[in-house]
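Please take these sequences and the hints and turn them into a complete structure.
Protein chains: 2
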Amino acid sequence: MAEEVVLLDFWPSMFGVRVRIVLVEKGIEYEYREEDLRNKSSLLLQMNPVHKQIPVLIQNGKPVCESSIIVQYIDEVWHDKAPLLPSDPYQRAQARFWVDFIDKKLYNPSRRIWSTKGEELEAAKKEFIEVLKVLEEQLKDKPFFGGETFGYVDVCLIGYYCWFYAYETFGNFSIEAECPQIIAWAKRCTQKESVSKSLPDGKKVFGFVQELRKKFVVD
Amino acid sequence: MAEEVVLLDFWPSMFGVRVRIVLVEKGIEYEYREEDLRNKSSLLLQMNPVHKQIPVLIQNGKPVCESSIIVQYIDEVWHDKAPLLPSDPYQRAQARFWVDFIDKKLYNPSRRIWSTKGEELEAAKKEFIEVLKVLEEQLKDKPFFGGETFGYVDVCLIGYYCWFYAYETFGNFSIEAECPQIIAWAKRCTQKESVSKSLPDGKKVFGFVQELRKKFVVD
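Those protein sequences? They're chains G and R, same order as listed. Using our numbering, read the first sequence as starting at 1 and increasing by one per residue. Using our numbering, read the second sequence as starting at 1001 and increasing by one per residue.
What the hints contain is simulated information worked out from the structure, not anything from laboratory work. Quick reminder that beta carbons are idealized off the backbone N, C-alpha and C, glycines included.
Below, computed lysine-lysine pairings styled on BS3-like, alpha-carbon distance capped at 27 angstroms:
id, chain 1, residue 1, chain 2, residue 2
1, R, 1062, G, 140
2, G, 117, G, 105
3, R, 1062, G, 104
4, G, 52, R, 1133
5, G, 52, R, 1105
6, R, 1040, R, 1052
Examples of chain R residues toward chain G, derived with CB under 10 angstroms:
id, residue
7, 1050
8, 1059
9, 1062
10, 1065
11, 1068
12, 1069
13, 1072
14, 1073
15, 1096
16, 1097
17, 1104
18, 1105
19, 1134
Okay, structure coming up:
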């Protein structure tokens, strides 16, 4: 059966980026449908009635939701090309642990960097850097989180990279000064075509955040 | 090689219950080590330095952390007996979606039921019931979340059941009146020896919560 694959997404989403990268890695043809999050499509509401969020992968009419679950699903179904999760169960559990860590710990402070100011902003920056330093300690001197090849943890973290310029500008700090190995890792990731093709431009994200920020912060 | 399996746990934990159930389901012999969460063991801090939380499964000296990841890990390593995740990748993604939903949506309101009062308590009860109703709608008239057999979603939800008596008593409401099918499902689960052996007694949990509550609520 010919596969019909549709991705409901929103261009600056670090979660959507995960799915876009994996679809390129696996060589899967798909239709990209941009969502207007202020006016969500009936298809999005129908395909993800619980969370009503992007990204949603629709394969032959059947939805898969939540980006880290979508990535695992794609890796399991299209398992012959560019495997992302380790084949060893223990290493797989460790990869899941770090993706879970990213999902639980990184989003909240990263959001507060551009949506708060003063003491709240300082606390957000501190927390954000602490989380990145834990990840840096985990990366050590390996090229990628899983070792020699680009994998599940890399896919799930790299989407944040296109937001770094916005974080640094609104937070007035340098992520590279704090976490040089994370930046070296991110640059290594962007040498992959699947990543460079899927990551939005940092300045474009900055422009988007600048607009969004008007709702939260009065400069 | 003989497997040496140790579980670091704390008896009322709905997350620890998940792992206890699966270890019984799979017929895995293990050593249970109760943690004092006010005075965590050096082993816990060493095995889970990131979150410093139970449960931790230690297999031949190597730790696996985060209950839903531990359950998947055990299911993958001991895959011949009592499979918990569906073998079909799409069904597996759906099971992961619902466990993720439980983890994101149920814990927070359930905690607020016994740790707040007044309007905050009423909001917590409303949210808790809404989440259970979404799950009930998903269960429909199936015996278990995955269909005919006890599986991943059941394992990850049933640990809350031993807290229901405490929620109902402190919240002054009946979960059964709101979600009768969830209660019927829970009773069905407790007919399994793996569940009845692993779930602490609801009145004992109530006693524990009563003590804990003194820190949060002045009656």
